[in-house]
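Protein sequence lines correspond, in order, to chains F and B.
So in numbering that gives the first Met the number 0 the end of the first sequence lands on 157, straight run, no missing numbers.
So in numbering that gives the first Met the number 0 the end of the second sequence lands on 777, straight run, no missing numbers.
Honestly, the hints are just simulated from the structure, not real lab data.
These figures come from a predicted structure and were not determined experimentally.
Beta carbons are placed, not taken as given, at the ideal position from N, Cα and C, and that holds for glycine.
One or more hints might be untrue.
[To be verified] Label pairs and their computed distance ranges (CB to CB):
#1 F:Thr124 with B:Gly168: 50 to 58 Å
#2 F:Gly55 with B:Arg203: 25 to 33 Å
#3 F:Arg156 with B:Ser229: 54 to 62 Å
As a plain string of letters, each chain reads:
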Amino acid sequence: MAKHHVTATVNGDEVEFLCETEETLLDVLRDQLHLTGSKEGCSSGDCGACSVTLDGRLVCSCLVLGCEVGGRSIQTIEGMAAGERLHPLQQKFLEHAALQCGICTPGFLVAGKALLDRNREPTETEIRYWLAGNLCRCTGYDKIVKAVMDTAAEMRRG
Amino acid sequence: MADTFTTTFDQAQSYVGTRTVRPDGLDKVTGRARFAADFDLPGQLVGRVLRSPHPHARIVSIDTSKAEALPGVKAVITRDDFPDQSSEFVPAGEMMMNYRDVVRNVLAREKVLYEGHAVAAVAATSVAIAKKALKLIDVTYEVLPHVIEVREAMAPNAPLLHEDLFTVGVEPKPDRPSNVAKRIEIGHGDIDAGFAKADVVVEREFNTAPVHQGYIEPHAALASTSEDGSAEIWCTTQGHFIVRAHCARLLGMDIGKVRVTASEIGGGFGGKTVVYLEPLAVALSKKAKRPVKMVMSREEVFKSSGPTSGANVKVKIGAKKDGTFVAAWAELKYQAGAFQGSPVQPGVMCAFAPYDIENVKVIGYDVVSNRPKVAAYRAPGAPISEFAVESVVDEIAKKLDIDPVELRLQNAAHEGTKAAYGPKFGPIGLEETLRSVKKTDHYTTPLQPWQGRGVASGFWFNIGGETCVSITVNEDGTVSLMAGTPDIGGLRASLANVAADELGVPYDKVRPIIGDTGSVGFNFLTGGSRSAFSGSMAVVEAAKQIKDDLCRRAAKLWEMQPDQVEFVNGYVKPIKENDKAKPMSVADMAKVAGKTGGPIGGVGRINAQGAGPSFGTHLVDVEVDPETGRVTILRYTMAQDAGKALHPSYVEGQFQGGAAQGIGWALNEEYIYGPDGKLQNAGFLDYRMPVASDVPMIDAIIVEVPNPRHPYGVRGVGETPIVPPMAAIGNAIEQATGIRFSELPMSPPKVLKALKEKGLNKPVTGTGTNGGSGKHKH
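With the sequences and hints as input, model every part of the structure.
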């Protein structure tokens, strides 16, 4: 069967690609667009390492088909920093040592930013439940949750 | 916890013990860091593995002809592509493995021994073609009866995995093969006399389920070979020198011709100390004459890699009325998976290590069954035996009405204690960790009904081992540091702290990298909580060479004797002040390197000795939901001896991460097999690891009892944190419900069933317990 021709926006840039029907958005991002910051930990939507936003909505890119994203806007970890300026959450992850191996970090950052975009004052419980779709096996989540809380506080201060 | 964050220091300041930003951090928060699956090469093929659908079967034949004929298929490999190996044990992390078994685990030979056992592999031009090719490989199996559980595998009439496996360590030597590979026994004193003196004896039996290391990054490898017999491998591993050794051995190549680059590693916890895909990728690449990339699916990770043992453990402890332990006995039966080599040896050695007991005997059995071969998992073996022991210790505390921390303090191992496994301890911090948790307000905060508080201690040896670090002072005075142990949790930051202090240069002028096997001398793997311990020793050695050399060079410049020059706080200077010899910094010396003898550098090549054991004590509050059986972790405090924290954030990170893994082990994680011998929960949805909403903040208290055999006093910290949680949580549940759980995990169905049996499965009020006293009031 012929491949699908898809045009979409990724991190603000227009991209076009050809993909098989069964190829996921994650496959497309990693293998065709060479945006390997989104990770494949399970390909079943359970680990969140492939988290991206699709028209502003947080999704697991392994659960979206490449051929579904025509005309839509995708934000990945590669688009999170504004040029050389890190997003405050990226900065706080560094300061709080909120990563160890770092494989889950892109997913947590994308998911954490999606939370902060919606909720300027999340409670610890709200953060923990929002991030419950992202697995981290190294940190016990302590420093990740603190980094998100600290980012929210700093962003409120402006 | 202090969350101080510092970016700049002047040179006189010390970085060791501060929370510097990790040098590899920026790449990891921007998605730029390259993990194994992120590497690609021109002309690369896709490799895929055919795996056994049966838990136990004889391979009658493998016909690959149809697969080979499929257009796009460039290579197919089977057992025939790997020469057989003779029996030889080599270290695998802190465990041992046998090459005869390794070659059979990477590709099955006579039999498949577990569901998911690799049988063949293909390399093709696309994923679709590779998958199709796997379906075209025709394997004829003669299905055999299987055995999954350890006690069943030990039964006299159990299906035999290896017809040539005779139990080692029993007299007389058995005349029939069995699934018991080994019996071991350690101890001292007179166990019978000891128990005869006891006023209280508690004997209990426990069962634990196998759990997977659960790293988020699946195994992945990219291999490229050349006609001259050389090979390059990029893979996710805890030890690329070990990958090199195994691939060279299994494929008959020269070690010097195999170059392995460790990618950033997405978690390992012991599970990436062995090889699975790497030799297959090399073999496929050799055959196809093109690079081959292989990545496991999560299902393959669960079915074909890891996990650690499930076990059956019996523990018996005798104590005097005043709480003194007088005798301890345990019997451990550990699943090894399909091939011998469970972590029962360290399990045996660690069981009673936290205590000073006159009479001890521990027996262990290493038992094979039709499960994936176990791999090391954080303090391999210790969490299982210490869970059982710490549960019994808690019961003794209750029986004698002694505070559980006080009872542990009363019997705690300390400097000079003869450990149950043989040696006398040097300075150790168990008592300090116990006192630390008891001092917290956590210990005395009142509890509500259905809540309970538990405490448990834990021990792990830690290891040193062969380590090589090279340091180069560059022309501009910046410092390149090359280590050879993969950095999983902040190693580069820790080593850069040490190098900056040793050489008196700013932290951000030190750039640490993990070198490939062709760029730095041999390193044993990252495991045994050794990488920061041994690596920092090698950094000190390499820096010493540089400092001595700089003194010699400066002496020459100043026309002095080398012993008239010293290196202090980043400067070479004359010992006696001298107008003509102005102190020179490392950067000053770098500028004149060409004139003073050429490149400046040092190489620390050591076999690190003197690893100091690390003890920890955990304190946990739980709440049991009587309607669902769910256990919620309300509060968690842990104290552990780090000797000296080179980088406190990453020491805390090890503490917190280990505790969270222990929480998963205690409450939810398990390999579930059907009667067909197949794994039923090979995915993250059904293999339930803790998520952020399952755990509270984990308060980490760093205790520092310096290790006298390390220049900074460092002890390994990575493994001990996973040892105490299971017992601490079990003890807390016992306090909340009055029920002692003897099976892990203590998952909702099991807890609910137990509550029902006691008629407790309804919300009730007023039956709670008070905190701290350790007294149960149901």
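Each hint, compared with the structure:
no. : hint                               : in the structure
1   : F:Thr124 with B:Gly168: 50 to 58 Å : holds (52 Å)
2   : F:Gly55 with B:Arg203: 25 to 33 Å  : violated (55 Å)
3   : F:Arg156 with B:Ser229: 54 to 62 Å : holds (57 Å)
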